[in-house]
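Now that you have both chains on their own, put them together as the hints suggest.
Chains as they are written, first to last, in my numbering: chain A, 1 to 230; chain B, 1001 to 1240.
Simulated from the structure, these hints should not be mistaken for lab results.
From a predicted model like this one, the values you see are computed outputs, not experimental measurements.
Any given hint could be a false lead.
[Claimed, not checked] In silico DSS-like links for lysine-lysine, alpha-carbon gap of 30 Å or less:
| hint | chain 1 | residue 1 | chain 2 | residue 2 |
| --- | --- | --- | --- | --- |
| 1 | B | K1177 | B | K1234 |
| 2 | B | K1177 | B | K1065 |
| 3 | B | K1234 | A | K139 |
| 4 | B | K1065 | A | K50 |
| 5 | A | K50 | A | K194 |
| 6 | A | K139 | A | K222 |
[What the hints assert, rightly or not] Example chain A residues on the side facing chain B (calculated, C-beta under 8 Å, incomplete):
| hint | residue |
| --- | --- |
| 7 | P69 |
| 8 | Q129 |
| 9 | R131 |
| 10 | D147 |
[What the hints assert, rightly or not] Simulated coverage check for chain B against chain A, where a stretch passes if three residues somewhere in it have a Cβ under 8 Å from a Cβ of chain A:
| hint | segment |
| --- | --- |
| 11 | 1084–1095 |
| 12 | 1099–1107 |
| 13 | 1121–1135 |
Here a beta-carbon is modelled for each residue, glycine too, at the ideal position from N, C-alpha and C.
The lines below spell out each chain.
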Amino acid sequence: MSAIAEGLRRVFQLDIELWHIVVLSLEVSLSAVLLATLVGLPLGALLAVKRFSGRRGVIVVLNALMGLPPVVVGLVVYLMLSRAGPLGELGLLFTPGAMIVAQTVLVLPIIAALARQALEDAWREYEEQLRSLGAEGVKAALTLIWDARFSLITAVLAGLGRASAEVGAVMIVGGNIDGVTRVMTTAIALETSKGDLPLALGLGFILIAIVLALNAAAQLIKEAAQRRFG
Amino acid sequence: MSASILPLVLDNVGYASNGQAIIGGVSLAIEAGASTIILGANGAGKSVLMRLMHGLLEPTSGSVKWSETGHASLRRRQAMVFQRPVMLRRSALANVVYALELAGVEAGEREAQARGALAEVGLQHLAERPARVLSGGEQQRLALARAWALHPEVLFLDEPTANLDPTAAREIETVIKAFDAAGTKIVMATHNLGQARRLGDEVIYVHGGRVVERASIDQFFARPATAEAAAFMKGELPWV
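With the rest of the complex left out, here is chain B (with noise of 0.2 Å):
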């Protein structure tokens, strides 16, 4: 493994669309280790950082840098996880090999690796199964799956588990620290304050696209610095 891509700095970031501006005068940098949960009400452009962290949106303003620069070992270095997982008219197997395949992993081993980023899962008995026929939660942990596959150094993860019920809520969220666990760097959007505590170590508070407070996730609970944290928490309870 080469050089880490992190830390990845965003200077002075904006972002609009239409002539509306969503993100405006972000600037910070996501290092390696802690997990980063990224903190906000639903509009304040926590998707649309995540993206531009990811690169799946291009900055109107300022830039966005990783440490390592190259395009094709950026993508393959880093993945995603959305809210509403996208899977593929296959079956769940062949989901994970696809992305395999797309991140140049030779033909023979696709298939070895696919299975055991399936049985990290808990997927590995519903391998041969149409992904598209799967449950939210099954879909969502192949989603899970198909990033393990891909050893990914930082994983961005889009409020992954709002369309689930609280029990394939918490399946998904032991993947996510056993990802932790296996030295992925994690960065969520969420707006679930019980989840954020669960499995983050520092907060990155979004208000009306900007970022109004990043703190350690114990400080950020006890005392939020700024008055628009603290109304958010009191608006969010209970935490579930």
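Here chain A stands alone, though its shape is the one from the complex (with noise of 0.2 Å):
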């Protein structure tokens, strides 16, 4: 415990660079998460209700793709971000950008896959009905993603975890600048190879706060809807 209260204490005489990596961390997850939904949901709802051949094979590989190493995603990302690399002219790499392509692309498989598990499940109960009332394809997906909002919350959810724990491809994309790229996750692998464990624990702490906050944040308002709306 005491070695808590002193990282603690520790954490909090960094101030003004803790808040920056603080809100650095958040930024770059909540954007990849952003994204990752917006494209993610659509996804899932999709392969939830249309039926083509290979529509399996599509699942698997998604399913498949929820546990990519972020160190692989990193790499890739780092690839495609370098001067040589295809994206090379957008001088991403080594800034929040970059960090924010790899999370996206690490959460979506995750958000999608999560989003066509539940999206089916529902469609198996609505689907008579809106084919009845004569909604297909994309007006159908709309309409699912609208009503399992609540649910895909859990989706969202699993997604912001994932970004905000990993440390493999923000380090790697990123490289851990301080004041630039330095996030929570790359700082406590900083501060724990350094040998300084109390401040390692510190942000540790912290981040989990952080996303604790915010998952009672969401299953809150989840419960409220749900009451509210049956």
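Encoded structure:
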């Protein structure tokens, strides 16, 4: 306990610098989750609603991609964004933008796959009624997303958990540059390797507290909404 | 209104699922006018037959033809009410508005039409209530309001009162009669003989995936022509 207390005291001594790290962490992870949600929910919904050949293969691949190793994603995004890479001209490497790209790639399969599962269950219930009313394809998918919006919160939270916890991808494409691309997880890794365990522990404690608060807020919203709408 | 989509003609229709025949050799025509009751025991194939008519299932053999073709206009001129109504997570009013939107009704007219349909089934006071927290009977009336708003030429009903208590069932029957009075062709599946009598003009009796008898309601109840129908009626007593 005293190590955590010491760690927290040290963390708050960093003040300005710490604040920057926390804000950047949230900016990167929330941006990535937002982008992945905008793409992942419609993708999951179409997979739930549309029947086409090769659909099962796509679902298997998507589910497998949920387990993408962050360092591998980081490496691939690094190669894409490096000077000689196909997207090198964007000049994104070692910027927060690159970290958002990497985390989006990492989180997208998680949100899409979990959304597909939840929406396919909903589709079983809705299909006949929606088809009878004349809703098919994109319209049916959008209706499904809106109607299952509360259960989809879980899929988005799983994505957020992944984004805020990973260190490998942001380390590789961001470079852990002090004041520019240093986020909580890379700072923890750095302090641990430097041997400043109390500071690393303090940072870890704050990271967990933030994730916990976000999840609690989402859970409360979900429960209130379910009470209201049934 | 353009020409009627009726009669609906089924020609030697068969339906199989996973290699198992559920409907076989059904040939019949559904004409405008008289209310048609599809009667039969559980598992006889009533629901599947109705879904084939409504176009939710494609026949594996034979054909289902409306007198007028064109997918979009056909969809818009028929509606179906299911045994268990599926309501969207939004208000009762918004559920009806949603159906009107899909039917291509202009945005400015949807709410007024939806409120009219809710009033028709006696739900106007619950318009703003989330649809999913309504009781089973209210949800089924809402499903009827959603159908009413569409002014369908044909209304399919798949055991609409099977999950409801007698009072709620009577309310549903009242609305179905209103549809009939407004000129909508009623095609209803049920295994409830009393309801068949109260609402129907003719009976299509289904047994083992086949249509074994078709007769006017009076004739059917007075002298069922087939042994299957007679046995079914004996087993279904008392009439409720």
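Do the hints match the structure? See the list:
1. B:K1177 to B:K1234: With a Cα-Cα distance of about 27 Å, the restraint between B:K1177 and B:K1234 holds, given a limit of 30 Å.
2. B:K1177 to B:K1065: holds, 27 Å
3. B:K1234 to A:K139: violated, 47 Å
4. B:K1065 to A:K50: With Cα atoms ~25 Å apart, B:K1065 and A:K50 stay inside 30 Å; holds.
5. A:K50 to A:K194: violated, 52 Å
6. A:K139 to A:K222: OK: A:K139 and A:K222 at ~24 Å, within 30 Å.
7. P69: violated, 37 Å
8. Q129: holds, 4 Å
9. R131: holds, 6 Å
10. D147: Where the cut-off is 8 Å and the nearest Cβ of chain B is about 5 Å from A:D147, the hint holds.
11. 1084–1095: holds (count 5)
12. 1099–1107: Since 3 is at least three, the answer is holds.
13. 1121–1135: Result for this restraint: holds, n = 4.
In terms of the numbered hints stated before, the structure departs from hints 3, 5, 7, listed from lowest to highest.
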